[in-house]
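*Asks:* The residues making up each chain are set out below.
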Amino acid sequence: MGGPDATSARAAAVSAVASGPRLLGWFRSQTSRRLGFGYLLLTPAAVYVLLLVGAPFLFSLYLALSDATVGEQVAGFIGFENFKSALEMDTFWIAFRNSVTFFVVAAIFKSILGTSLAFLLLQTFRGKKIVRALVVIPFTLPIAVSVLAWKWMYDSQFSVFNWVLSRMGLIGQYGTDSWPVWLGNPRLALIACIGVNVWRTFPFSAIVLLAGFTSVPPEVLDAAKVDGCNFLQRFHNVVVPMIFPILMVGFLFDTVFTLSDLSVVYILTQGGPGNATQILPMLAYQIGIQAGNLGRGAAIALFLVPLLAPAMFLFLRNLKRREY
Amino acid sequence: MNDGQATMMNPGSVSRRRFLRVAGAGVAGSSLLTMIEARQAPAQIKGSNLRILTWSHFIPAYDTWFDKMAKEWGDQSGVKVRVDHIPHLEIPARMAAEFAAGAGHDILFNGSTILTRIYYKNLVDLTEVYDQVGKKYGGWIPAARSPVEVEGRIYGMPVYYILLPMIWRKDLFDQAGLQAPDTWEQARVAARTLKAKGHPTGIQFSHCNDANLNWRSVLFSFGGSETDPSGENPTIDSKETREALRFAKALFDEGMTPEVFSWDDASDNRYLASGVACWVHDAISAYRTTQETNPTVFQQAHIGLEPAGPGGKRVSTSAPNAFMVWKFSKNVPAAKEFLAHLMDMDKQGMIESTGYNMPFLNDTAKKPMPVIGTDPKLQVLQDFPKIVAFFGYPGPYTTQIQEVANLFVLPDMFTRVARGASVDESVKWGAGEYQRIFAKHKRA
Chain Y
0 MGGPDATSAR AAAVSAVASG PRLLGWFRSQ TSRRLGFGYL LLTPAAVYVL
50 LLVGAPFLFS LYLALSDATV GEQVAGFIGF ENFKSALEMD TFWIAFRNSV
100 TFFVVAAIFK SILGTSLAFL LLQTFRGKKI VRALVVIPFT LPIAVSVLAW
150 KWMYDSQFSV FNWVLSRMGL IGQYGTDSWP VWLGNPRLAL IACIGVNVWR
200 TFPFSAIVLL AGFTSVPPEV LDAAKVDGCN FLQRFHNVVV PMIFPILMVG
250 FLFDTVFTLS DLSVVYILTQ GGPGNATQIL PMLAYQIGIQ AGNLGRGAAI
300 ALFLVPLLAP AMFLFLRNLK RREY
Chain R
0 MNDGQATMMN PGSVSRRRFL RVAGAGVAGS SLLTMIEARQ APAQIKGSNL
50 RILTWSHFIP AYDTWFDKMA KEWGDQSGVK VRVDHIPHLE IPARMAAEFA
100 AGAGHDILFN GSTILTRIYY KNLVDLTEVY DQVGKKYGGW IPAARSPVEV
150 EGRIYGMPVY YILLPMIWRK DLFDQAGLQA PDTWEQARVA ARTLKAKGHP
200 TGIQFSHCND ANLNWRSVLF SFGGSETDPS GENPTIDSKE TREALRFAKA
250 LFDEGMTPEV FSWDDASDNR YLASGVACWV HDAISAYRTT QETNPTVFQQ
300 AHIGLEPAGP GGKRVSTSAP NAFMVWKFSK NVPAAKEFLA HLMDMDKQGM
350 IESTGYNMPF LNDTAKKPMP VIGTDPKLQV LQDFPKIVAF FGYPGPYTTQ
400 IQEVANLFVL PDMFTRVARG ASVDESVKWG AGEYQRIFAK HKRA
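These protein sequence lines map, in sequence, to chains Y and R.
Start counting the first sequence at 0; every next residue gets the next number (numbering that gives the first Met the number 0).
Start counting the second sequence at 0; every next residue gets the next number (numbering that gives the first Met the number 0).
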């Protein structure tokens, strides 16, 4: 009676009938309840992330694909027109290049200065707590106040840097060719902006690293010392692998802070002279808010995503690999 | 308006409801205008609230006066008035936020960045109040409509503009036997001569509002223009633009130092006050501040008319300031009433700003003007109303011009030339940017 097809069909029917109660049973099991409870606990965090990160991201995506302006509540879909027009702009490419330069140079200096500061703060000395509190001042000061102070220090006429350098005989008097115009020379202006960004945020890197360093058990370091490791070997082979997750999270934050930092350039140069310090967030603000073209501004801002996404992916993948 | 016209054309079709609506609106409108003219607050605004957003004026005494004046008007009219001051650069972002929320202030200020054309569909039509105020005070100066007019209607009340005249050091000019800088050529010769004596000049080759204003004054005085009179087509690629760029290059090479590439709006004030500058082209705040910071310079600083270009043309590009009323405001009658009152106080406002605010109304602009009319050094400012222009000249102040200004395209053209790029190359780049921006707006 029946061929192989009929046999397999019967077997499938039997298994389906049997799996019904089994599935029901699984839902009633301790495992599923624990899983369900876990997801329930996770829900607030997921909703929080979706609302605070997902919704604005999707909204900016919607704006970037539309002809939205600040003066219209209704916007029409225009496809990738805003992205296309951004790519057609000379200024966009200058801003893109400057953003990458800004990020890479700032990251290098923040790593060096942050690590050095963290090591210094690890040492035992009198007034250590006060010094630890003082070093975070650049990070905690209102950005407008601190950057305005820097603007004065970079002033073409009254720069305190130039005054000191001139007194030391390293540069000439005001009005001579050797008098640096910090915010007027294209190269110096970009360096000046990066300098302020580094000054503001390297204490953050230092604090993150310090937290990591203090979590390394001293006996592990002592053991490495006994094994004959010098300072650099201990740092590279013992400390870094142990604090890697903290390092990555700090780096992640720092990448986002640096690439999206608008205030320093806005207050110091407004992207000038001649777009020498133009960066993507500044350009997006000028076009999106000041000139009122929300759609184009959003499209320019979204070009930060391809810059950020690979970095995020690499950091997180590395982090995950190290966890296992 | 349309209802009214329809009623006139088809009298037979007028329903009772429509008649009452049109007649009611007419009566309400005319009584509001009568009250505005009579300076009497209508009863309907009593007990309402009015929130005003304005900038932090460069002359703090003006803000003190403004707040007091608004409060006194509120007390007399039975309106609770609240005035908030924020830096003018923050206004575009605040305006966008208020529009998106559909809530916020009733009256808001636009200064330098004029967004009338972006928001006009959401702003109250102020044409009637504008006309009424103009009628009462001898009309408006020719440039008044440009920043606030869209499709023949007025969506903002132009309150004052800020001039950037020539401020020059008479002592230095006299010592060198130089003529007062009445033309741009004379200004260049003076800068060349006095730079050699340690007194260069400076105009911002950077990203700031003064750079946008000053280089436009040079361009327009050289006969150049940004758009055609319709404002729809850019005209930046011209012989006159090239002449203006050549002049700027010569002025930079001969009479300036590279620090101008780093300047912001206040740098030229400091340059003058420090005693270094032989002349600056700036708002009179530069002159005023020297009164306290460097009295010697103050005594020797003189104000000149806008220098003439090679053809004798003088155009002074100024920064307009206007108040607008949101359509979502629940207190439109009170807002209109307040703006009319503010314009009644035009002369007083000019006094309180120590002559910094220049009037849009002809009566206030009549000689002698308050403050500047009685100060021998400032009297020349009274001749500016005829030559004032705004961004986009000779066309209106459009959204595309606003974007051009926000991206500092024009100062960047001048900067490129000063840095050594060829004039043709810079014009090609600048004209390309104008075309690109205008084309995008046309597509939109």
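One or more hints might be untrue.
To be verified - Straight-line distance between alpha carbons at most 20 angstroms, and here's what the computed EDC-like set of lysine to aspartate or glutamate pairs gives: (1) R/312 x R/130; (2) R/196 x R/173; (3) R/441 x R/253; (4) R/346 x R/130; (5) R/427 x Y/176; (6) R/194 x Y/176; (7) R/248 x R/424; (8) R/248 x Y/176; (9) R/196 x Y/176; (10) R/441 x Y/176; (11) R/326 x Y/176; (12) R/194 x R/181; (13) R/439 x Y/80; (14) R/194 x R/253; (15) R/385 x Y/176; (16) R/439 x Y/87; (17) Y/150 x R/424; (18) R/439 x Y/176; (19) R/376 x R/291; (20) R/329 x R/83; (21) R/134 x R/424; (22) R/439 x Y/71.
Think of the hints as simulated: they come from the structure by calculation, not from any bench.
*Asks:* Could you run down the list of hints and mark each one as holding or not?
*Replies:* Going down the list of hints, with the structure as the test:
With a CA separation close to 30 angstroms, the supplied pair residue 312 of chain R and residue 130 of chain R exceeds the 20 angstroms bound. Our distance criterion of 20 angstroms between C-alpha atoms is met by residue 196 of chain R and residue 173 of chain R, whose separation comes to about 13 angstroms. About 41 angstroms separates the Cα atoms of residue 441 of chain R and residue 253 of chain R, which puts this hinted pair outside 20 angstroms; it is violated. Between residue 346 of chain R and residue 130 of chain R, the direct Cα distance comes to roughly 18 angstroms. Compliance with the 20 angstroms bound is thereby established for this hinted pair.
At most 20 angstroms may separate the alpha-carbon atoms for a hinted pair to count; residue 427 of chain R and residue 176 of chain Y exceed this at roughly 31 angstroms. Restraint check for residue 194 of chain R and residue 176 of chain Y: satisfied, since their Cα atoms lie roughly 14 angstroms apart, inside the 20 angstroms limit. Pair hint residue 248 of chain R plus residue 424 of chain R holds up; C-alpha atoms about 14 angstroms apart against a cutoff of 20 angstroms. Between the alpha carbons of residue 248 of chain R and residue 176 of chain Y the distance comes to roughly 18 angstroms, so the proposed pair stays at or under 20 angstroms and holds.
For the suggested pair residue 196 of chain R and residue 176 of chain Y, the alpha carbons sit about 16 angstroms apart, so the restraint of at most 20 angstroms is met. Restraint check: the Cα-Cα separation between residue 441 of chain R and residue 176 of chain Y comes to about 46 angstroms, which exceeds 20 angstroms; the hinted pair is violated. Distance restraint check for residue 326 of chain R and residue 176 of chain Y: the Cα-Cα separation of roughly 56 angstroms exceeds the 20 angstroms cut-off, and the hinted pair is therefore not satisfied. The hinted pair formed by residue 194 of chain R and residue 181 of chain R meets the criterion: a straight-line CA distance of about 19 angstroms does not exceed 20 angstroms.
As the CA atoms of residue 439 of chain R and residue 80 of chain Y are separated by approximately 10 angstroms, the hinted pair is consistent with the 20 angstroms bound. In summary, the hint linking residue 194 of chain R to residue 253 of chain R is supported, as the alpha carbons are separated by about 8 angstroms, within the 20 angstroms threshold. A C-alpha spacing of about 42 angstroms is found between residue 385 of chain R and residue 176 of chain Y, which places the hinted pair above 20 angstroms, so the restraint is violated. Proposed proximity of residue 439 of chain R and residue 87 of chain Y is supported: the alpha carbons are some 11 angstroms apart, at most 20 angstroms.
Pair hint residue 150 of chain Y plus residue 424 of chain R does not hold up; C-alpha atoms about 32 angstroms apart against a cutoff of 20 angstroms. Of the pairs offered as hints, the one joining residue 439 of chain R and residue 176 of chain Y is violated, with about 43 angstroms between alpha carbons and a cut-off of 20 angstroms exceeded. Under the criterion of a C-alpha separation no larger than 20 angstroms, the hint pairing residue 376 of chain R with residue 291 of chain R is consistent with the structure, at around 17 angstroms. For the hint linking residue 329 of chain R to residue 83 of chain R, the alpha-carbon distance of about 18 angstroms falls within 20 angstroms, and the restraint holds.
For the hint pairing residue 134 of chain R with residue 424 of chain R, the CA-to-CA distance comes to about 49 angstroms; that exceeds 20 angstroms, so the pair is violated. With a C-alpha separation of about 16 angstroms, the suggested pair residue 439 of chain R and residue 71 of chain Y falls inside the 20 angstroms cut-off, and the hint holds.
Consistency with the previously given hints fails for numbers 1, 3, 5, 10, 11, 15, 17, 18 and 21, ordered from lowest to highest.
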